[in-house]
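So the chains spell out like this:
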Amino acid sequence: NAGVTQTPKFQVLKTGQSMTLQCAQDMNHEYMSWYRQDPGMGLRLIHYSVGAGITDQGEVPNGYNVSRSTTEDFPLRLLSAAPSQTSVYFCASSYPLGGSYNSPLHFGNGTRLTVT
Amino acid sequence: AQSVTQLDSQVPVFEEAPVELRCNYSSSVSVYLFWYVQYPNQGLQLLLKYLSGSTLVESINGFEAEFNKSQTSFHLRKPSVHISDTAEYFCAVSDQGAQKLVFGQGTRLTINP
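As you go down the protein sequences, you meet chains A and B in turn. Sequential numbering of the first sequence, starting at 1, is according to the working numbering. Sequential numbering of the second sequence, starting at 1001, is according to the working numbering.
Keep in mind the hints are simulated off the structure, nothing from the lab. Take the hints with a grain of salt, since some may be wrong.
[Stated by the list, open to error] Partner residues are not named here, just some residues of chain A that face chain B (Cβ under 10 Å, in silico):
| id | residue |
| --- | --- |
| 1 | T55 |
| 2 | Y64 |
| 3 | E72 |
| 4 | T86 |
| 5 | F90 |
| 6 | L113 |
| 7 | V115 |
[Said to hold, decoys possible] Beta-carbon label-pair distances, calculated as ranges:
| id | chain 1 | residue 1 | chain 2 | residue 2 | range |
| --- | --- | --- | --- | --- | --- |
| 8 | B | E1020 | A | Q57 | 14 to 24 Å |
| 9 | A | R44 | B | Q1042 | 27 to 37 Å |
| 10 | A | V88 | B | T1110 | 16 to 26 Å |
| 11 | B | F1014 | A | A52 | 46 to 56 Å |
These figures come from a predicted structure and were not determined experimentally. Idealized CB from N, CA, C, for every residue including glycine.
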């Protein structure tokens, strides 16, 4: 059981470049989300999804797009990277279909992104 | 809006000493409270959670936290720490179950031999 898989683990971008951070889970979780982690600021919610075809904004959505075409995948797109987006990005999922609404978040191991 | 404040960014302690990591929250509605742990170069893992019922909750590795509604706190404690407890600890709050969490800034726990 792989859990939540994030790729790539590391990425360096130049300002203005675009890229997609991949997130896949094999636990049939309905809920998926993206957080960014910055020193001294904890984790902040970027976007989340409560099921295929449904997405919504979190606390810091600007500069990021998401889509949820399948239950398993929840990619995060940076349309035009900026140095302020240098961060560690975590994908998390929970709430298996038919399971408890209070099931905990399962996190991936993160993608460390540097924008120069 | 909810918020979480972790009062200490770093806590150094000696091995086998007790430790308390402090967490205060603000919310206008009923809340669910969580502690997550992040070991180096890994994602976050759930340590313990308060959803309802007993205000004292425990983890399998000896940590405990007490929900104090009057003081809006959810401090994490362990009576005797080990080197393996070295990690960053995050307190989190939600008013919508266990998913849409608001995290604190994190506390880095360092255990000295």
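Verification of the hints:
{"no.": "1", "hint": "T55", "result": "violated, 13 Å"}
{"no.": "2", "hint": "Y64", "result": "violated, 17 Å"}
{"no.": "3", "hint": "E72", "result": "violated, 17 Å"}
{"no.": "4", "hint": "T86", "result": "violated, 17 Å"}
{"no.": "5", "hint": "F90", "result": "holds, 6 Å"}
{"no.": "6", "hint": "L113", "result": "violated, 15 Å"}
{"no.": "7", "hint": "V115", "result": "violated, 21 Å"}
{"no.": "8", "hint": "B:E1020 x A:Q57: 14 to 24 Å", "result": "violated, 36 Å"}
{"no.": "9", "hint": "A:R44 x B:Q1042: 27 to 37 Å", "result": "violated, 19 Å"}
{"no.": "10", "hint": "A:V88 x B:T1110: 16 to 26 Å", "result": "holds, 20 Å"}
{"no.": "11", "hint": "B:F1014 x A:A52: 46 to 56 Å", "result": "holds, 50 Å"}
Hints 1, 2, 3, 4, 6, 7, 8, 9, counting from the list given before, are not met by this structure.
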